[in-house]
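A.B. asks: This is what each chain is made of:
Number of protein chains: 2
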Amino acid sequence: MPIVYHNGRFIESSQAIRSIEDRGLLFADGVYEVVRYDNGRPFAMRPHIDRLKRSLGGIELPGIDCEAFGPWSDELMVRNGLKDARVYWQVTRGDTGPRSFYIPEHIEPSITLIAYPAPPVDRKAFPTSGGAISADDCRWTRCWIKSTMLLPASLAKTKAKSAGAIECIFVRHKPGLDAHHVTEGGSTNAFIVRDGELHTHPNDGWVLPGITREVLIDAAHASLGMPVREVCFTLEELKQADEVFVCSTTQLSPITSIDGHTIADGNPGAITTKLHFAYLDRIFDQQ
Amino acid sequence: MPIVYHNGRFIESSQAIRSIEDRGLLFADGVYEVVRYDNGRPFAMRPHIDRLKRSLGGIELPGIDCEAFGPWSDELMVRNGLKDARVYWQVTRGDTGPRSFYIPEHIEPSITLIAYPAPPVDRKAFPTSGGAISADDCRWTRCWIKSTMLLPASLAKTKAKSAGAIECIFVRHKPGLDAHHVTEGGSTNAFIVRDGELHTHPNDGWVLPGITREVLIDAAHASLGMPVREVCFTLEELKQADEVFVCSTTQLSPITSIDGHTIADGNPGAITTKLHFAYLDRIFDQQ
Chain A
243 MPIVYHNGRF IESSQAIRSI EDRGLLFADG VYEVVRYDNG RPFAMRPHID RLKRSLGGIE
303 LPGIDCEAFG PWSDELMVRN GLKDARVYWQ VTRGDTGPRS FYIPEHIEPS ITLIAYPAPP
363 VDRKAFPTSG GAISADDCRW TRCWIKSTML LPASLAKTKA KSAGAIECIF VRHKPGLDAH
423 HVTEGGSTNA FIVRDGELHT HPNDGWVLPG ITREVLIDAA HASLGMPVRE VCFTLEELKQ
483 ADEVFVCSTT QLSPITSIDG HTIADGNPGA ITTKLHFAYL DRIFDQQ
Chain B
243 MPIVYHNGRF IESSQAIRSI EDRGLLFADG VYEVVRYDNG RPFAMRPHID RLKRSLGGIE
303 LPGIDCEAFG PWSDELMVRN GLKDARVYWQ VTRGDTGPRS FYIPEHIEPS ITLIAYPAPP
363 VDRKAFPTSG GAISADDCRW TRCWIKSTML LPASLAKTKA KSAGAIECIF VRHKPGLDAH
423 HVTEGGSTNA FIVRDGELHT HPNDGWVLPG ITREVLIDAA HASLGMPVRE VCFTLEELKQ
483 ADEVFVCSTT QLSPITSIDG HTIADGNPGA ITTKLHFAYL DRIFDQQ
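Quick mapping for you: the protein sequence lines, in order, are chains A and B. Quick note: the first sequence uses the numbering used here, first residue 243, plus one each step. Quick note: the second sequence uses the numbering used here, first residue 243, plus one each step.
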């Protein structure tokens with residue numbers, strides 16, 4: 243039985259339970275993070291802790307000691323005998339008594355950490371590529387907050403899987419703009435390569451400020467000497483791109499088609515592949 | 243200790259627990275309803291069951307016997323010795339194993355019903371009025387689904403309460419329109435009275451198809467002989483309205499100011515008050 247961290251204790255997961263009146267269940271009143279461990283070492287712990295702080299600020303949930311999530315994660319890995327895992331962190335506002343939209347002053351947050359075992363990464367292996375489908379970005383407008391309101395992503399990603407695709411690409415008509423633009427993937431940030439430049443949606447609140455996104459932007463500059471533009475692009479521009487990929491904490495994935503339309507020659511792009519290896523280098527070299 | 247209905251059993255609420263991996267917690271993958279009971283009788287049970295079905299369809303969660311929620315609610319009232327209550331129904335997709343965005347084919351939905359006691363309604367009492375504040379409607383775009391993704395409403399309603407207001411009024415710039423429009427309240431539908439007509443946002447997917455909303459539209463026609471238009475209006479038009487009110491299953495509430503701007507003479511409007519009593523008549527006469 244896996245061990246989880248749950249409200250101050252390390253316990254068997256079957257004993258880690260939530261009240262039916264936890265605000266996480268009643269109001270999706272919570273935020274989360276996922277941190278990767280490879281060969282026993284966490285990657286980008288600092289940015290994850292910092293983003294958790296920003297998300298908690300975004301939902302006005304004060305008083306959480308975010309610095310403790312690092313040591314809790316480390317101990318969870320040891321207690322489960324894991325070297326490679328994705329550690330899920332969740333903070334909800336907890337059970338505050340009979341259901342009420344109004345957030346009371348005194349709250350008892352619920353904090354849970356779960357370590358999901360992952361296969362060890364072969365840093366010489368090429369990335370797994372696949373097609374994507376576009377999906378209406380029907381999510382809330384504060385996607386910079388990593389909230390648990392993931393139903394739209396869950397539905398769209400499930401639809402993608404049913405269509406044989408590896409990701410959905412969200413497309414949104416933002417107010418005041420004259421066209422629909424690609425925002426990001428269902429659980430990834432989306433990039434295109436175009437005329438030797440790397441393009442991804444700006445960090446303007448409509449996308450998650452992805453930690454792998456930042457790592458790749460830095461790697462594109464530092465390792466490939468490549469210009470990066472944080473700029474909106476349309477689905478049509480994505481279709482016509484030289485290369486397309488999505489990235490998350492888990493992986494970078496070349497996208498070889500969108501809605502059945504083949505991108506470039508249908509193979510993972512050269513720059514995408516270089517960035518994949520640059521990401522793995524950073525994970526294993528802990529730069 | 244209150245008795246709740248939980249996955250096939252009537253049990254003490256402290257024993258009704260959810261797994262930390264329930265999709266309701268991980269992905270806000272659930273929908274809900276609230277049904278009122280007055281003097282032992284449910285109001286508008288049929289529309290609540292029908293809306294639950296539509297919501298479940300909207301999140302692609304099949305196989306739920308929605309007809310059973312009526313008898314379960316009735317029994318919950320009896321077991322708790324209640325005559326007046328608001329019965330909360332929640333269906334999530336349940337614990338489907340290790341966290342994954344992808345919805346598996348085999349699921350074990352979690353169903354919980356909680357009866358919250360309510361004070362008996364005095365059908366002769368005037369409604370409780372108050373001010374409102376406007377709030378950016380940052381919610382997802384499928385508000386016709388009564389999903390548990392209520393964090394934006396919880397935050398905005400809490401902000402309203404802090405400001406001494408009784409509700410927040412959501413305002414959204416819908417794609418393709420040239421202005422911001424009032425959609426609805428944080429947990430209510432919003433109405434204005436203007437030149438002898440009742441106006442409320444159309445049921446176009448951007449608002450919840452409120453059951454009280456339908457009752458009041460019907461009552462305005464049938465009891466007051468009043469024209470009703472389902473039409474968008476701006477916050478400025480709301481400010482200039484003759485009367486403003488919001489409604490939910492719980493109550494109809496006259497809104498006497500918005501963002502500190504007094505509406506009309508600052509008193510509950512005559513038509514609003516008539517509709518309040520028409521609503522109570524329908525509840526008690528079960529028309």
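Just so you know, these hints were derived from the structure itself, not from any lab. Some clues are possibly wrong.
What the hints assert, rightly or not - Under the rule of at most 30 Å between Cα atoms (straight-line distance), these lysine-lysine pairs were calculated in the DSSO-like manner:
(1) K416/B / K481/B
(2) K481/A / K295/B
(3) K401/A / K416/B
(4) K401/A / K295/B
(5) K416/B / K416/A
(6) K403/A / K481/B
Said to hold, decoys possible - Label pairs and their calculated CB-CB ranges:
(7) R283/B / G339/A: 23 to 31 Å
(8) T476/A / N445/B: 38 to 46 Å
(9) A506/B / S404/A: 25 to 33 Å
No residue lacks a Cβ here, since even glycine has one placed at the ideal position from N, Cα and C.
A.B. asks: Kindly indicate which numbered hints from before are broken by the structure, ordering the numbers from low to high.
C.D. replies: Hints 2, 6, 8 and 9 not satisfied by this model.
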